[in-house]
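**Q** Read off the chains here:
Protein chains: 4
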Amino acid sequence: MQQNELQKIKDKKTGVWLIGAYGGISVCVIAGAMALRAKKCSANGLVTELDIFKKIPLLPWDNLVFGGMDIRKYSIVDTLKELHTNASVLSHDMITDYNWQISEVEKNIYPGIIVNCGKAITETSDKSFVKDGHLSSLVAYIQDTLEQFKKNNSLDDIIVVNISSTEPEFFIPEQYAAYEGMKSAFSSNSYEKYPASVVYAWAAIDAGYPYINFTPSQGANIAGIKQLAIERKIPYSGNDGKTGETLLKSVLAPMFLLRNLEVMSWEGYNILGNRDGLILNDPENKKTKIRSKANTLDKILGYKPHSKVSIDMVPSLNDWKIAWDFIHFKGFLDTPMTLQFMWQGCDSLLAAPLVLDLIRLLEFSHRHGEFGAQTQYSCFFKDPLECDEFDFRLQFFNLINYVSSKEN
Amino acid sequence: MQQNELQKIKDKKTGVWLIGAYGGISVCVIAGAMALRAKKCSANGLVTELDIFKKIPLLPWDNLVFGGMDIRKYSIVDTLKELHTNASVLSHDMITDYNWQISEVEKNIYPGIIVNCGKAITETSDKSFVKDGHLSSLVAYIQDTLEQFKKNNSLDDIIVVNISSTEPEFFIPEQYAAYEGMKSAFSSNSYEKYPASVVYAWAAIDAGYPYINFTPSQGANIAGIKQLAIERKIPYSGNDGKTGETLLKSVLAPMFLLRNLEVMSWEGYNILGNRDGLILNDPENKKTKIRSKANTLDKILGYKPHSKVSIDMVPSLNDWKIAWDFIHFKGFLDTPMTLQFMWQGCDSLLAAPLVLDLIRLLEFSHRHGEFGAQTQYSCFFKDPLECDEFDFRLQFFNLINYVSSKEN
Amino acid sequence: MQQNELQKIKDKKTGVWLIGAYGGISVCVIAGAMALRAKKCSANGLVTELDIFKKIPLLPWDNLVFGGMDIRKYSIVDTLKELHTNASVLSHDMITDYNWQISEVEKNIYPGIIVNCGKAITETSDKSFVKDGHLSSLVAYIQDTLEQFKKNNSLDDIIVVNISSTEPEFFIPEQYAAYEGMKSAFSSNSYEKYPASVVYAWAAIDAGYPYINFTPSQGANIAGIKQLAIERKIPYSGNDGKTGETLLKSVLAPMFLLRNLEVMSWEGYNILGNRDGLILNDPENKKTKIRSKANTLDKILGYKPHSKVSIDMVPSLNDWKIAWDFIHFKGFLDTPMTLQFMWQGCDSLLAAPLVLDLIRLLEFSHRHGEFGAQTQYSCFFKDPLECDEFDFRLQFFNLINYVSSKEN
Amino acid sequence: MQQNELQKIKDKKTGVWLIGAYGGISVCVIAGAMALRAKKCSANGLVTELDIFKKIPLLPWDNLVFGGMDIRKYSIVDTLKELHTNASVLSHDMITDYNWQISEVEKNIYPGIIVNCGKAITETSDKSFVKDGHLSSLVAYIQDTLEQFKKNNSLDDIIVVNISSTEPEFFIPEQYAAYEGMKSAFSSNSYEKYPASVVYAWAAIDAGYPYINFTPSQGANIAGIKQLAIERKIPYSGNDGKTGETLLKSVLAPMFLLRNLEVMSWEGYNILGNRDGLILNDPENKKTKIRSKANTLDKILGYKPHSKVSIDMVPSLNDWKIAWDFIHFKGFLDTPMTLQFMWQGCDSLLAAPLVLDLIRLLEFSHRHGEFGAQTQYSCFFKDPLECDEFDFRLQFFNLINYVSSKEN
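Heads up: the protein sequence lines correspond to chains F, B, U and Y, in order.
1 is the number of the first residue of the first sequence in our numbering; add one for each residue after it.
1 is the number of the first residue of the second sequence in our numbering; add one for each residue after it.
1 is the number of the first residue of the third sequence in our numbering; add one for each residue after it.
1 is the number of the first residue of the fourth sequence in our numbering; add one for each residue after it.
Next comes chain F alone, as it looks inside the complex (with noise of 0.2 Å):
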């Protein structure tokens, strides 16, 4: 039978409809496909290439095509570019080898849309670049574009991925975040209820394409969109890839639990230089980013030790992020001891791979069926929705047990 699966879905092909398609991750995601395609590269970063995985049919990565939107006029290519020569990653052979294939995905991106997103990411887009409107003619405006993206590349599915920059926190009153609410307000000629990501969401959702919500941003993380997910029978996930200090966290903070390691304070200290970094500058987007962050120790604990997270600009990184964590824990006899790290990576390459994956098992979750908040993919997110599990081991346990009980 899986056998049989497999087969069907050889000839499968499923979009990937970017949002923020100009960004550093979703360049990565595009041209880690095409070298994955042409088998350029390793396996490297991507959870979906362990053994454990080969129990389930996954997507093959030919099979992705990639779109989306973006709310700046810029391209694919000059992006590589930039990753290239400021950041020093990715190779140069790669931007002049997939040219043709990136000049495809070109074709298939669209003005994107700015609503409640807050000054720093407003000041950051192209005016003529983003397509503007109220609720309801926004929603048809994502649906027909995804139509469309969907009828030109001979399509079967859409992941719709959130990969676009932090939204600054937005309240929604309880009424509009219920579902009749929303269904009220996105029929109407409304403005100001929600923020871009819930909008995408709704659309995506509605339009029957599962949903991934890779930023802090709310996105589907409200009552209204719950249910609806539920009603069309589509699985979303987020929030917030958990990529760096985060993951690190929920690795380590288990240690300090299980050896009855009191910690006292645990600082982080996070720098980074790209375009992520200059909207977390602005303190309204950085709040949303610092309480996706903040979950973590607490619930891992049991307790709330003294902690900050901190995030700044420092615009010589360029990709690069930098975290220093200063741990300070009690030993035997209540001494004072302490554990830092320095976690240096490169961001659009350490959020790229978990993409990737996650497309790969939204798709799979809808082609079987499964629908709401896909909690068994929390070891993804800093903030996973609906799901109390903030331990990575833990955490992927419930995604070996899913994969079990998926093979056939």
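Because the hints were derived from the structure by calculation, they are not lab data.
Hints are not guaranteed to be accurate.
Remember, identical chains collapse to one label, so a pair may be satisfied in a single copy or spanning two.
Below are the DSSO-like pairs computed for lysine-lysine, each with C-alpha atoms no more than 27 Å apart in a straight line [claimed, not checked]:
#, residue 1, residue 2
1, Lys131, Lys54
2, Lys55, Lys39
3, Lys330, Lys55
4, Lys299, Lys10
5, Lys107, Lys81
In this text, all values refer to a predicted model and were calculated from it rather than measured experimentally.
Once you have looked at the hints, place chains B, U and Y on chain F.
**A** Structure of chains B, U and Y alone, referenced to chain F:
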């Protein structure tokens, strides 16, 4: 029934026989037990004080009676004072308050043995305070001393713990590693066949007492002793307490594995300044230690990254140990990224609570009729005996499963 | 002649008036002076104990008599005990041995003043232990108290040292910053014109005593006081003792300059846990501190790299301060490279010896008829008054030149 | 007059003879000079581009003609490509743009010599590309080749630079270290008396060319060569370019000295992954390097702190070098505190600009009739010849004084 058992152990007096009784770890074990009894410290660092262990009846701290052997004529209080003055750990009050109790422990401390311990250890010993002789007389001496310890203190059981300095690697020919060979060697007036740790292990288990090898020395890790333990129905555990850098390796390496991030290099530099460091400064003794630390990465990752473990003596650090680990891994598209950590802990205070935990656990094993290598306690060791699991979390799951299975 | 002078100062008793007398630095200054007298500690950390200073006659440690003011009713011994217990510094013997001498010092400690010190400082004060009033009465109170201190202890001179908490920035309009404006303000019953540090500086210098501003607060850094000091022929020094991160900046930045390595970014993160940290946690007070730290890089390098100085309160660190600095520089062919450092020191013990040095040096200046800002002592300060030299080595050469010029 | 000199050197063509011409440093020197000529890079990393050097007429980058020797048959472009691909340094454009110029340099590269270079170096050589023979024939070969290089390229002067791998320590008996002994050895058909670096130094200086020993190998550091240089009136410089950890030591140690902070321990761990690292992995060669790094601390501090310098080969790092230094010092009241740093730089790109600087400076020295060890350039070296100054700033002052004294 557990209630009955709890009642029964309330009055059970268990001896703790510390090999290396004047060393930093021993002294922290003794002072720590006193602080726990006096409720002058928290449960920090004690694994058996985690909630899960409430499921099984473990010996209260009040019931431990300390004694042991050393090869240097010294004093517990002097070691305490040294730790306080030179390493700024253990409070001044501790030295004053436990003076009387400690002098009771002093009465139980006897000269140790030196056999094939290498030059570094032999040179630090006080010739006048060392028990000499051929194998059969050494075993008799140890067993007589244990008997005297038991009688003098009206003990119900004794747990023997080796926390003496790391011996150099010592090659035992197969015939003398086998049970029959050991039996005949230990009843002869042979001298040269085993290092001290093996003699201690044989004497303890032969006399019916559980044995914990908290050092990387060979101890019970030899076919003949394994069989002896099975015949005598005695539990034992080892090797080498997992207190710092290796603990972190066994927690972090699985993260790289599960995120499919290839570890290219993992270089670990340890510096410390206590007597342990002094002995490990001898290349022969260091080799044993480094071998004990070597397996963790390879076994967890399933391949051998470039890796070096370096240990250097830095006298000014006294009992503090600093580890700098540099981990070079390949991210997506084979991009090199790095994680570095610095671990800064007090060596003796990292080890002491694990020793206290293991005393309780081996006493429990013995009381419950377990025997042979206690692989369920592998999370406490760098190089767990008879156990191929090096991943800390999986080791801990084994411990939890064992505890749960013993719940009445 | 120097011989004569040495003879003369042998009996000279100099008072040290500590503003912030119950704080950690003060207490380390006092206990340190006692340990130096008793020859119970080495000269570590004391610049004026370097051989070069044998060229000039400096006051012996024996001749210092301590007193001062604080705004919290507290006790020197209690601060000592706290440092010992919570920060594991200062020996237990110290507390016992100097008890009697310390109670003599306690007699010389008086309520301090609070004027425009901001919310954070005001809130930590004991209302009952604070001297209140308009400017002229405050100056009179300080000067009377100094006179009493002098008389009670038969002093020949007094050095006033401000080591109280950092005040928020306080804007003084030009007319009140000028000499005439200050004179009339200080003889009126005005309240709101100056912060406490300025009042202390005015009172001290007006009364004929040298003033050291070891904090980033404004103190003597104001035109009117400069002129007062010239008229009264009184020397003063400041601002803000250079004890850690900034010291390293002033040592490392010249290396980058002289190797022509462009510093792109220099990000500094400081964490500490004492009362100083608590006050600096208030954004208003922190601003003063960060401004004081800001000049060093720009002045040394001759351009402004991207740079952030962050200071956060981490209570568990108590009196320990950790700084992590990340320096991103361009090597040959514009290749980015990095230097990171972590500085880990006890805040009060880093500052205390510099305070003792400055007391001796300002007493020397006063004795030798120097007056105004003592720029030759700039190597002790983060933000040296009337001095544009921030490079530690060049500052130190100035000090050496001064000392050599004073050699008889 | 300086104007005249500037005019004169405008047309002076100076050859640069690189021993180790296919190594990473050489290739960065060559490509760097081309980038400087093409104004494709900034002056970053070049000391002689600091303003102070405008005072003296230094050779323009345009006037350098490269050639040299190596013991491996290789290609400059291939080394360039390796650095680009494996170490992510040097731009792709560089490889393309300088192709033609580089092939001109290739014509000037000849087989090198191997004498007493130890196993590690000998094993990496291409037997067919090595010039063999007894001492007199080797000297003749080197001098003939230099003559040919001069003639082929119409050169006015040649600077010989040793940037080949570190040789093992080689003991030269006193009689052969003396001038007379060397003269007779070099005119005989002896083989075993000197290592290659000494042969190169003798041949170069004897032929009238300045010699720079950028490696820790013995080179010109021998009595006989010193006298030869005086007789021939030739300047030379060495040993061992100060590029990273030792540079930092020579900058930071003075801070501890001048603040009277006793350094108890200074432990330095270096990891790197290039050919230099490979050679240094051999204990014999490593010994030479570590000895070269040893003096700095002791000479600056005036006492010997506990100190270890460790160098390990970590292949994945390629041309990158990481140093972790742990500095344990005593603060006031003998309180231990720590400074740690991590230095992360590209080995070849740290060295290359210093080589370019030294070429210019030795050419200047030669032109101005200086001869013997050029101690005024000691700031460039870890172990400066004929110079007892190790403090970077004092070394740099000597350089500035020299430059100022030469200003017309």
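**Q** Compare the structure with each hint and give your call.
**A** Consistency of the hints with the structure:
1. When the C-alpha separation of Lys131 and Lys54 is checked against a cutoff of 27 Å, the pair qualifies neither within a copy, at 42 Å, nor between copies, at 57 Å.
2. In this assembly of identical chains, the alpha carbons of Lys55 and Lys39 lie at most 27 Å apart only when taken from the same copy (22 Å versus 53 Å across copies).
3. Within a single copy, Lys330 and Lys55 get their C-alpha atoms only as close as 43 Å, which misses the 27 Å cut-off; across copies the closest is 25 Å, which meets it.
4. For a Cα distance limit of 27 Å, the shortest separation of Lys299 from Lys10 qualifies neither inside one copy, at 41 Å, nor across copies, at 36 Å.
5. When the C-alpha separation of Lys107 and Lys81 is checked against a cutoff of 27 Å, the pair qualifies only within one copy, where the shortest distance is 19 Å, while the shortest distance between copies is 35 Å.
This entry does not satisfy hints 1, 4, going by the numbered hints stated previously.
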